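**Q** Next come the chains, spelled out residue by residue.
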Amino acid sequence: MISDQPRISTLGTSALLFEAPGETDLVTQERIWTLAREAESWPEIREAVPGMNNLMLNFSRPPGSCKPIEARLRAAWTAAEPMRVEGRLIELPVVYGGDGGPHMADVVAHTGLDIDRIAAIHSAPTYVVYALGSHPGYCYLGGMDPRIATPRRKTPVVSIPGGAVSIGGAQTGVSASAGPSGWNTIGSTVMRFFDPALDSPALFRPGDRLRFKITEVIR
Amino acid sequence: MPFDDLRDLSIWMAEAGIDELELTGPSFRLRLNGDGWQAHDDPTGDRQSETASGQMPSSDVVAASTVGLFLHRHPLHETALAPEGTPVRAGQALGLLRIGTLLVPVPAPRDGIVGAMLVAHETVVGFGTGLVELHPRQR
Amino acid sequence: MIEIIATGALATVQDHGRRGTLKWGVGASGALDDLALAAGNILLGNDEHAAGIEIQIFPFQARFTDDCVFAITGADCAASLDDLPLPPWWIHSASAGQILSLGLPRQGTWRASRAYLCLAGGVDVPLVLGSRSTQLRGAFGGLEGRQLRSGDRLRAGATAKVSGHAGFGLSPPALDLPLTEGGLPAVRVLPAAEYAQYTEAAHDALWNEPWRVTPQSDRYGYRLDGTPLHPVAPIETRSHGIVPGVIQVPPNGQPIVQMRDAQPSGGYPKIGVVIEADLWRLGQAPIGSRIRFIKTSWDEAIAVGELNARWLTEARRLADLHRGRTRSN
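Protein chains in written order, with my numbering: chain R, 1 to 219; chain E, 220 to 358; chain F, 359 to 687.
Hints were generated in silico from the structure; no laboratory data involved. One or more hints might be untrue.
[What the hints assert, rightly or not] Which chain F residues face chain E? A few, computed with CB under 10 angstroms, are given here: (1) P445; (2) W448; (3) L528; (4) D534; (5) A673.
Bear in mind the structure is a predicted one, so any value in this text is a computation, not a measurement. Using N, Cα and C, we set each Cβ at its ideal position, and we do this for glycine too.
Based on the sequences and whatever the hints tell you, model everything.
**A** Now the structure itself:
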């Protein structure tokens, strides 16, 4: 969404959705982290969940009117400074293409680039974990090169496996477990992203950094 | 046995304080008892000639144990719990009483055969309202 | 306390779901018909957080390995204990060795598709991240993070004294709180962020046409079949948090209503959100059935939630009163 004012909408009576204006970038995400920490201290809010330059605020109890909390949200956004996070750097080995990358051909067709080029462009950046979501332990990453952006699939796929490395629009991510997905899977990796027995069960946290390392490119 | 004589007999029993009387003959057996006893026309008397062996069943009236809405069937069902003529065991639900959203059964106090529903489906009833007849099982 | 003898796919242990775990990508899960689960717990005098078994595919059969007090709510599936038919939405007592059988849901006065088997004291499985609900995607919670299978044994949280009384029940909220539109079961919907970016024809179809629940509908999401919903111009949204009830519209225009096992975030455009207070209705809509969407307002949605809460409070008050009254007899 390109506009110069944040957009606030409702998700039924369960939550508010706050969307920051402008292009998706890291400074905005760092401000979203600050906004999340502030909003979680509010009594009406059970949990504040960052997305890609946006924030879902789940109500513990829906208010009679959203106007007061919307005003509070806009004021808090104006005041929000970018949160500096000292994250860890984790490297994931990836096999690009082949059986683990069933939609690589669609990315090739959409971008006009060949598989080696796509693998090189995808594995070049140091990605930042913007948010967790989608399924247990899954990270939304920022920093993908727009040259390999490919729209989400027309019909979501019923199941792709854990470890699947995928592109959805201008974003990329790694599946932490098998399940449905509307993204284009271009490769696979191996990693334990989630352990429910731990106090902090997800491997990654917002602010951590991630690099993909090419193990193999299967043409 | 002529109906008029039977009525006179039952009134005499009540006045005499006799709770139960059983009469048997070559082609009939009659049992009269005093539960729910009222000295007026016994409604089952009309059906005396229906029984093949000439027996004369008496009936109990099962009454409401609480104020509520009497239901012949469970709200999710389209058929009655205990249609007339159904044999039932003691404890089996003859109907339901609805109090707000709560449903409580109206259980058969003993084995028997379901008689007539005395109250229409979804009628408000009071404590003690007669709901359904229960005839003894044929032997 | 009970041993599963036979079950089709997708019987899972569920409570009212996990809270506070969205930050790790862990959705709430929980019973698709939260009112039915709550009613089962109310009949038994259980804590409101007690877990039950959600049964989606029939027939289902279990043996009680110990004396047990239980309740079955949700779809009326001609339950029987050994050969004895059990009234639905009722509390029952079973002796050790008795066999509980659930058949196909009966299409009586309410068409429903999921049944809830609740045990006195609740189904006793470990709490994981604060809940006993099964997290199928993450393979944790409930019983070992998976569907139930033949041979599985589940314990109840309380030892039960089998009483001789005839039990009691509750009238299902589907009958007490009916909601239809054009003769079809309906749910109320609030417009979502991208609503205005859809065509007039899409709005018209959303509110005025029936939507069929396709066979590709499950605890993750209900895929609906009907007039394709098209935006005025292509919409590409960023990944954002979503809640159960969100109606996503993928490029093929066929809406998907996110249900209790839905991802906690997604990127498809959203045209509306089924209100939380009506999700149980959708959760009971059988495959192949048709539903209608009713446009609602914030105030009305809040009021519906309060109505549900009052129904539950009243049911609990009457059940506790009756249980206390008959226990003293």
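**Q** Which hints, by number, does the structure contradict?
**A** none
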